[in-house]
Amino acid sequence: MDNSGFVDAALLARVRVGREYVAAKYGFRNHWYPALFGHELAEGQARPVTLLGENILLKRIDGRVHAIHDRCLHRGVPLSRKLECYTAGTVTCWYHGFTYRFADGVLCDIAGTAGSAVIGRRKLRTYPVSEAQGLVFVFVGDADHTPPPLAHDVPPGFLDAELAVHGKRRVVAANWRIGCENGFDSTHIFIHKDSVLVAEADLALPLGLQPLGRHAFQRQLDDDGPKGVFDNFGPDEVRPVFTATIEGEEVLHGAIGGSNRVPQDISMWLPCALRVRPWPVPETTQFEWYVPIDADHHLYLQTLGKRCTNERERDDWAREFHARWLPKALDGFNDDDVWAREATQPFYADDTGWLEEQLFEPDGNIVEWRKLASAHARGIQRPEHIDPPGHTVLSVD
Amino acid sequence: MDNSGFVDAALLARVRVGREYVAAKYGFRNHWYPALFGHELAEGQARPVTLLGENILLKRIDGRVHAIHDRCLHRGVPLSRKLECYTAGTVTCWYHGFTYRFADGVLCDIAGTAGSAVIGRRKLRTYPVSEAQGLVFVFVGDADHTPPPLAHDVPPGFLDAELAVHGKRRVVAANWRIGCENGFDSTHIFIHKDSVLVAEADLALPLGLQPLGRHAFQRQLDDDGPKGVFDNFGPDEVRPVFTATIEGEEVLHGAIGGSNRVPQDISMWLPCALRVRPWPVPETTQFEWYVPIDADHHLYLQTLGKRCTNERERDDWAREFHARWLPKALDGFNDDDVWAREATQPFYADDTGWLEEQLFEPDGNIVEWRKLASAHARGIQRPEHIDPPGHTVLSVD
Amino acid sequence: MDNSGFVDAALLARVRVGREYVAAKYGFRNHWYPALFGHELAEGQARPVTLLGENILLKRIDGRVHAIHDRCLHRGVPLSRKLECYTAGTVTCWYHGFTYRFADGVLCDIAGTAGSAVIGRRKLRTYPVSEAQGLVFVFVGDADHTPPPLAHDVPPGFLDAELAVHGKRRVVAANWRIGCENGFDSTHIFIHKDSVLVAEADLALPLGLQPLGRHAFQRQLDDDGPKGVFDNFGPDEVRPVFTATIEGEEVLHGAIGGSNRVPQDISMWLPCALRVRPWPVPETTQFEWYVPIDADHHLYLQTLGKRCTNERERDDWAREFHARWLPKALDGFNDDDVWAREATQPFYADDTGWLEEQLFEPDGNIVEWRKLASAHARGIQRPEHIDPPGHTVLSVD
Numbered sequence: 038m039d040n041s042g043f044v045d046a047a048l049l050a051r052v053r054v055g056r057e058y059v060a061a062k063y064g065f066r067n068h069w070y071p072a073l074f075g076h077e078l079a080e081g082q083a084r085p086v087t088l089l090g091e092n093i094l095l096k097r098i099d100g101r102v103h104a105i106h107d108r109c110l111h112r113g114v115p116l117s118r119k120l121e122c123y124t125a126g127t128v129t130c131w132y133h134g135f136t137y138r139f140a141d142g143v144l145c146d147i148a149g150t151a152g153s154a155v156i157g158r159r160k161l162r163t164y165p166v167s168e169a170q171g172l173v174f175v176f177v178g179d180a181d182h183t184p185p186p187l188a189h190d191v192p193p194g195f196l197d198a199e200l201a202v203h204g205k206r207r208v209v210a211a212n213w214r215i216g217c218e219n220g221f222d223s224t225h226i227f228i229h230k231d232s233v234l235v236a237e238a239d240l241a242l243p244l245g246l247q248p249l250g251r252h253a254f255q256r257q258l259d260d261d262g263p264k265g266v267f268d269n270f271g272p273d274e275v276r277p278v279f280t281a282t283i284e285g286e287e288v289l290h291g292a293i294g295g296s297n298r299v300p301q302d303i304s305m306w307l308p309c310a311l312r313v314r315p316w317p318v319p320e321t322t323q324f325e326w327y328v329p330i331d332a333d334h335h336l337y338l339q340t341l342g343k344r345c346t347n348e349r350e351r352d353d354w355a356r357e358f359h360a361r362w363l364p365k366a367l368d369g370f371n372d373d374d375v376w377a378r379e380a381t382q383p384f385y386a387d388d389t390g391w392l393e394e395q396l397f398e399p400d401g402n403i404v405e406w407r408k409l410a411s412a413h414a415r416g417i418q419r420p421e422h423i424d425p426p427g428h429t430v431l432s433v434d
Numbered sequence: 038m039d040n041s042g043f044v045d046a047a048l049l050a051r052v053r054v055g056r057e058y059v060a061a062k063y064g065f066r067n068h069w070y071p072a073l074f075g076h077e078l079a080e081g082q083a084r085p086v087t088l089l090g091e092n093i094l095l096k097r098i099d100g101r102v103h104a105i106h107d108r109c110l111h112r113g114v115p116l117s118r119k120l121e122c123y124t125a126g127t128v129t130c131w132y133h134g135f136t137y138r139f140a141d142g143v144l145c146d147i148a149g150t151a152g153s154a155v156i157g158r159r160k161l162r163t164y165p166v167s168e169a170q171g172l173v174f175v176f177v178g179d180a181d182h183t184p185p186p187l188a189h190d191v192p193p194g195f196l197d198a199e200l201a202v203h204g205k206r207r208v209v210a211a212n213w214r215i216g217c218e219n220g221f222d223s224t225h226i227f228i229h230k231d232s233v234l235v236a237e238a239d240l241a242l243p244l245g246l247q248p249l250g251r252h253a254f255q256r257q258l259d260d261d262g263p264k265g266v267f268d269n270f271g272p273d274e275v276r277p278v279f280t281a282t283i284e285g286e287e288v289l290h291g292a293i294g295g296s297n298r299v300p301q302d303i304s305m306w307l308p309c310a311l312r313v314r315p316w317p318v319p320e321t322t323q324f325e326w327y328v329p330i331d332a333d334h335h336l337y338l339q340t341l342g343k344r345c346t347n348e349r350e351r352d353d354w355a356r357e358f359h360a361r362w363l364p365k366a367l368d369g370f371n372d373d374d375v376w377a378r379e380a381t382q383p384f385y386a387d388d389t390g391w392l393e394e395q396l397f398e399p400d401g402n403i404v405e406w407r408k409l410a411s412a413h414a415r416g417i418q419r420p421e422h423i424d425p426p427g428h429t430v431l432s433v434d
Numbered sequence: 038m039d040n041s042g043f044v045d046a047a048l049l050a051r052v053r054v055g056r057e058y059v060a061a062k063y064g065f066r067n068h069w070y071p072a073l074f075g076h077e078l079a080e081g082q083a084r085p086v087t088l089l090g091e092n093i094l095l096k097r098i099d100g101r102v103h104a105i106h107d108r109c110l111h112r113g114v115p116l117s118r119k120l121e122c123y124t125a126g127t128v129t130c131w132y133h134g135f136t137y138r139f140a141d142g143v144l145c146d147i148a149g150t151a152g153s154a155v156i157g158r159r160k161l162r163t164y165p166v167s168e169a170q171g172l173v174f175v176f177v178g179d180a181d182h183t184p185p186p187l188a189h190d191v192p193p194g195f196l197d198a199e200l201a202v203h204g205k206r207r208v209v210a211a212n213w214r215i216g217c218e219n220g221f222d223s224t225h226i227f228i229h230k231d232s233v234l235v236a237e238a239d240l241a242l243p244l245g246l247q248p249l250g251r252h253a254f255q256r257q258l259d260d261d262g263p264k265g266v267f268d269n270f271g272p273d274e275v276r277p278v279f280t281a282t283i284e285g286e287e288v289l290h291g292a293i294g295g296s297n298r299v300p301q302d303i304s305m306w307l308p309c310a311l312r313v314r315p316w317p318v319p320e321t322t323q324f325e326w327y328v329p330i331d332a333d334h335h336l337y338l339q340t341l342g343k344r345c346t347n348e349r350e351r352d353d354w355a356r357e358f359h360a361r362w363l364p365k366a367l368d369g370f371n372d373d374d375v376w377a378r379e380a381t382q383p384f385y386a387d388d389t390g391w392l393e394e395q396l397f398e399p400d401g402n403i404v405e406w407r408k409l410a411s412a413h414a415r416g417i418q419r420p421e422h423i424d425p426p427g428h429t430v431l432s433v434d
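The listed protein sequences derive, respectively, from chains R, C and Z. Numbering-wise (our numbering), the first sequence opens with residue 38 and increments by one. Numbering-wise (our numbering), the second sequence opens with residue 38 and increments by one. Numbering-wise (our numbering), the third sequence opens with residue 38 and increments by one.
Among the clues, some could well be false.
[Claimed, not checked] A few chain R residues facing chain Z, derived, Cβ under 8 Å: (1) V114; (2) R158; (3) K160; (4) T163.
[Claimed, not checked] Derived list of chain R stretches under chain Z, where covered just means 3 residues or more per stretch with a C-beta under 8 Å from a C-beta of chain Z: (5) 60-69; (6) 117-125; (7) 185-193; (8) 426-434.
In case anyone wonders, no lab produced these hints; they're calculated from the structure. Idealized CB from N, CA, C, for every residue including glycine.
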């Protein structure tokens, strides 16, 4: 275990709202997290990921993805440092031959030392895996915690059968909470005022969105579904602001002329997912995740979904995604968010930022999110759960 | 706040002489510090600096330089990460449009969210600025501390109307106190024995300067002026040593033949300025500052001044400075000081060096400086004053 | 002193076996350590090394190697930063001229400040040096600890007059204990299964070596000789395993056909030396050291020795070493060990690995080694002994 990246207890005691959320520097435990896209893991292929500070080795066997702790029980080395799989269902540690089954984590053999008493008596931690909409989800939680349905941990609509999903993922040098709050933050729209996406998607993009009352933010807390906070952008809830005035002088204008007034609502869901609906055009929705990697990095996994009712629509959408929205939206537009998060990270890095920040009215949805997450997350990732920092996977290649 | 760079209290308790000085790892508060040269800041130009661990944004407006804290109140991001100035007198945060006046730091508008209750009610920290002799000085201090005249915080003579000043600045990877003590240290002359400056300035440069008595070091403590320590090099105070002997064998000779026997005195002034008079030739004086940036870096701001009584003398001096003294003195000669400081830094980095060092007789002036600074500095920079390390400005470009 | 690299006391209290060994993160004090090869230090040449966190300056004077602390008493700078030796037997600090004798460390003069009272009254720490078999050994210990004969601190046989020794050294990014345990570990043979050395040395290299009983590991604890642990590989002690089976399926075969069944025994000696006998061919023996540098690095000093009875045999052996065994054994084969150690280091970096590791039967020799080292080492390197990290020598060039 490594305590260095965790939140100081004395500081935490001074946090008045959302204390569990602030404490969850490495994320919320006992939730489903997307790790990569299914197409990144071919049959028989294995690859390592780091989720919530835990190093995990994924392998696709007979079509199904399995996940085990990427750390040999014997000497703690990462199995992925030099992958040796001598049978389809096992991995053998490159160092001393300890061999584990992906299915249950059991130490089933030791290559070179057949007779050891530990064989069959020890096992690696395993992780439940679920594949949906082209994403591989891993449940990072306690051994005695039965995973809930995946549907409880993704934004509403994401699992709809007709939704066709494409996306990308990358590592961002900021804590996962900075990712969530950048995405869900309505007034950060200011940063995007010159984005290439404005013309590409013919957006009417205001400089700001002013909340009109306390009901702009709504919680959704169904027992049998995901839990999240909605920020509604209808005419009763917010007023889009297209002109900025400084000391009485008009200095700046938003993109008022576009025909697409999107989005209608933005919502944030446990454990760490954002839905922007519709976006960037009326037919598509963006779902994205800010998956904790370590104290200073998150996996930014971005997707766009569109309803398609037949194969031809699916093919057309795949082409459109790669030609237009991957370069102009997920890259061009969201690249600004990436550097904004990295520029925000130092202020929050030692957690004093949570005490010194000065939020204002439009940040009400973020406060709601912090409260909801603190009240409804299933657990907090603790120092004893995480692996040594030297092996953290900080690359998606 | 970040405590990591500060001095351990138990260690500090063991320091017998100059305790406040040792405690001032980030510098002395409530003093004037030079940040850059005036010509580095054109009309309308803004640029960030870090002084004593505080990130500060400077802008020249209608000829006058203003300084505000380079950290948005809202989310703590540096305004300078992407400068957006929509009016001459303000800066708008690139993230959510928070707009601050340089004149008083007041949050005067929020671009995109006009109606917020926080507008006009919050303000950024501002810093008094004074421009003199081509340098921009910033007062880093408490809001309720009225800045003294600049003349109290620069070496005597620096503000003389006839003095024409030129210089350069750079970042050195050593604490500011290591900078002060390298500059003021008389026996470090040993390091310069092979300098290109010896021939260029026809120097009689001894290998060492042996103090002859206790009155070699003199304090200057006028109520209405700068406070500092003089190290006099007249024939009654020190004996220049031109021959080094090891176990009876003559092994080394200083540059005895030069016609210029400079300097006559070297003096160190609060908060962190050195005067070498005259240097490197009888007509010029070197004034230089070791301005704290963070625990491990200082801004080394070097100047040479020469009395000029008319425009032609000023032009000649400017040409001479750039052709001769910039390359041979401020670079060539002082480059040796820069690496000496960086080589000394590790021993003092965790502050145990202050306890383990073994000073000798000629270091008396340094001990005087530590005492004077401890007794007369106006305050110590504390952890609560400094900004997160991620945004520290460590470049002069 | 710097405490950061040392073992947490609460953690140490939880270690049940080999506590002193775990505590010795910077090595065991009062032992002889090889620093470099004698041919790396020509007559009159000086060079710095870091052993057990102490910076040491070596110089060969009239054929004999001397060692002094590489840190000026005055301001703590490393003398080696800019070496200035004005007489054969002294070094003069580049900063203020403090001049020390290599023979006794005494501050014998100050170049430029002849009259100081400290001259002759202060001295640098010195280190006993012994040169043998082409290696320069330094005794790192307390001033009042009389060094034992070098023969007590090297593996048996290493000092035999007829042994001709060649080798190389390099820095490995892992703690020295990780080095010892990688070298002494019998089942890590698994990592070498594809080594170029198998063909080069015509090795019968099994995949593993299964211990047959408790007497496989033997201590050697003569009062008048080195102390170590033997791991015997005779037919009564271990069974070589040439076939690996996973869940009943034969998946892998060792190099069974080779004619050279080596080694017969591997033994580990205080303070940090391994002997592999014979290796890689029946006529040669490998002796290697894992010398502590700092918490995260060791000097990997590898040698091969062969008995030679005349000059021609010595010449032939020198040629053979450089043509065959340097590239194929010390590099090719042991390169795998180097990356294995670096891959293991993060798990043990904060010392929790010592509590979380799960050893198995063949690790019995490693447990013996930890016990023997804990019981018989002459002291533990403590924070007060080590130098600031900024000057650690991490290069062999």
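Going down the list of hints, with the structure as the test:
| no. | hint | verdict |
| --- | --- | --- |
| 1 | V114 | holds, 5 Å |
| 2 | R158 | violated, 10 Å |
| 3 | K160 | violated, 11 Å |
| 4 | T163 | violated, 17 Å |
| 5 | 60-69 | violated (count 0) |
| 6 | 117-125 | holds (count 3) |
| 7 | 185-193 | violated (count 0) |
| 8 | 426-434 | holds (count 3) |
The structure does not agree with the numbered hints 2, 3, 4, 5 and 7 stated previously, though it agrees with the rest.
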